[in-house]
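Student: The chain contents come next:
2 protein chains.
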Amino acid sequence: MALVVVGGVAAGLSAAARARRMDPSLEIVVLEQGPTVSYGACGLPYFVEGRVREARQLIVHTPEYFRRERNIDVRTGAHVISIQHPRREVTLATGERVRYDRLIVATGARCDTSRMEGARRPNVFTLHTLEDAERMRGFLRDKKPRRAVVIGAGYIGLEAADALRRNGLRVTVIERSRNVLRREDPALTAAVRRQLEQHGVELVCDVEVRAIAADRVADVACDMVVAAGGFKPNVELAAEAGVEVGRSGAIRTDDRMETSLRGVFAAGDCAETMHTVTGRPVWIPLGTTANKTGRVAGANAAGGRKRFNGVAGTTIVGLFGMGFATTGLSIAQARAEGFSPVAARIEAGVRPRYYGGGKTTVELVADRATGRLLGGSAIGEDGAAGRINVIATALEARMRVDQFEQLDLAYSPPFATVWDPLLIAAQQLMKEL
Amino acid sequence: MALVVVGGVAAGLSAAARARRMDPSLEIVVLEQGPTVSYGACGLPYFVEGRVREARQLIVHTPEYFRRERNIDVRTGAHVISIQHPRREVTLATGERVRYDRLIVATGARCDTSRMEGARRPNVFTLHTLEDAERMRGFLRDKKPRRAVVIGAGYIGLEAADALRRNGLRVTVIERSRNVLRREDPALTAAVRRQLEQHGVELVCDVEVRAIAADRVADVACDMVVAAGGFKPNVELAAEAGVEVGRSGAIRTDDRMETSLRGVFAAGDCAETMHTVTGRPVWIPLGTTANKTGRVAGANAAGGRKRFNGVAGTTIVGLFGMGFATTGLSIAQARAEGFSPVAARIEAGVRPRYYGGGKTTVELVADRATGRLLGGSAIGEDGAAGRINVIATALEARMRVDQFEQLDLAYSPPFATVWDPLLIAAQQLMKEL
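Chain order of the listed sequences is A and B.
Residues 86 to 518 in the working numbering are what the first sequence lists, from first letter to last.
Residues 86 to 518 in the working numbering are what the second sequence lists, from first letter to last.
Hints should not be assumed to be uniformly reliable.
Calculated pairs, DSS-like style, for lysine-lysine (alpha carbon to alpha carbon, straight line, at most 30 angstroms) [as the list claims (entries may be wrong)]:
id : chain 1 : residue 1 : chain 2 : residue 2
1  : B       : K391      : B       : K444
2  : B       : K444      : A       : K516
3  : B       : K317      : B       : K391
4  : A       : K391      : A       : K317
5  : B       : K391      : A       : K391
6  : A       : K444      : A       : K391
7  : B       : K444      : A       : K444
Calculated directly from the structure, the hints in this document are not laboratory data.
As the structure is a prediction and not an experimental result, all values here were calculated from the model.
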């Protein structure tokens, strides 16, 4: 039995490693088109910032490691140009063919700049691969740019803005939609805007960038540009082979991460998953999901029967020391999904006043008809990750607000208030139900 | 309609405030035997430490506030000595009688030193009321003691030890049982012991203190003693009136916090609650539970129909900057409750290595027969509260490990690892099931 994995970053290597654990005799080949595998893509902004000194610190394992320790044949510079599923073969750009019994497509996503004029200028960057980040870092060092425009206020765009600002640049973020972080959530957008502006980063929403001039983007003067918008799943390779693509634009999968072609699995940023709250297929490309879906795809490709439970879309972004975390649906998203949502938003101290400590903002969204929790957000210097994770756990459990309101959460003055802000928000929300 | 509440700290005042919201016309009297109401009892160790400068910072509201803003008659120095339920009356030590239609017993708990010889010496302290803490602080200032013994390694004892050590004293904690923090959990005890010893606090387990000599306790020389063991619920007043006491020794309640006498409710440290995991009555006195059960008792005493969902027993204690958090059952406790438990304990980084950050220890306990999560612990300088809260939420939802393993938890390098330590522990535990 031979397993071929296309893509050697988070999903691909999680899949390969899991398949190996399931079946020590499986022949496993990972084909990665880039020069590097197994790197922490989410760490790239921190390398640009300078906090991470060397790009190689982001590399988790080398191809040699996989060969030696896991008996997995990881090939870099291996660009797959087509899949011939009837013959169970993939073809590389070199013409070489690799046979498979099971195939995992983990081709990731890209920032699509193909329709943006000027995107190939030497001062225009994406922040997707280790090489992208090294090129950007080299530019910062050699050209000492003073003004940057970041196109796209998703998490990569905002983290890039933070990293560039910490390098002393003036930064403007230009976002196509009205809201940041791919979430229709005006309150969240307002909070992010406030934090950015307090740290000297300008945020411009509702402006679509169609062209990048030599010294400006959409009337903003700059000497470097980060293109971090217009993400698209890399589905072309699979689609040309007959794999079905879902309405989200990503590869359709079942709850075992198998595609419409039997024996072909998809995982990571190129694949759809099921949304925990709506039960519908979604495309929410995140590192956590890439690792989890890779693991499930790997287990099933090796003959296991592992189900993937879906995603709540939990994210957190750190901007100048403040955490902005969301999960599930915002009130606007919930409405668009056919719920009749109500929300409560509170600000509260994270510790008793006498102990000292900052504040946090918590929002909870629930369905008026059923009382079921649908989503929420947590913003704060302290504890935003822990709080959003509690909400995400409640979403997975399909918890109602009246149950959430009484959660037995930890309290001690150095860590929390006796009524955690989550519970205060839930009490508030109970009044709306 | 008249509501009388016996006890004016966490549970009593939560109950009174909630009852007032439910029914603006209710006559509400709160009878507190001490001189102060509505103080943050959990903050007392931080006042002893010196972090909280003034005792009055711990006071949330004054009796005047309750009278003026809430129309609640809060009387201090009002010592109730008996309840005559057939006549719906309580009698104060002064002989005064107060009539009620509904009664809420929120008499709290005490450190029972009645059978400990020498407990009334002037250098022996409890840490239960604001006055206790002020007396201890005065002693530290005036007598400049150099060696302290703390009797009892529950959370108050350990927090007192931390506070005294930070005041420069040599501190020995003597605990009657084999384990600390009222939890049969040798791994937790070992971790606490390590942290205490690294900060110069000695921990002696398995030693029962029967007498306090003038200058020593159980062979440990000292010039001051904190009695923080042998906690008992204050049930005598209610029991003498015919209220049923449960096997735990605390007042038996139903899920509306009503006692065996109709119209008499109990809340806070004197009352039993239902354990989320076992479904059995337990006595787990905690500030969080006091506030919650007070709120439920208050709502129901005012004619509402509010259910209390029970407790997982979630706690966190900070010792010299490290958080020790637990919830649900330890493996030994689970075994004693009739489960066939398995556990996994892992240590993992709280952030990616390239970003930097400490480690955390996470333990998860599950039932082999059903795969259901039964409890866990989280120890670390960072994120222990957030992680234990996720476990507590999963316990409330009766989640299985295979579901927990795929939770969509937040990830971004400044906040977490792509596989949160909770998920790594769950993966480990899946192998045991």
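Student: Checking each numbered hint in turn, tell me which of them this model violates, lowest number first.
Tutor: Of the numbered hints given earlier, those the structure breaks are 1, 2, 5 and 6, listed in rising order.
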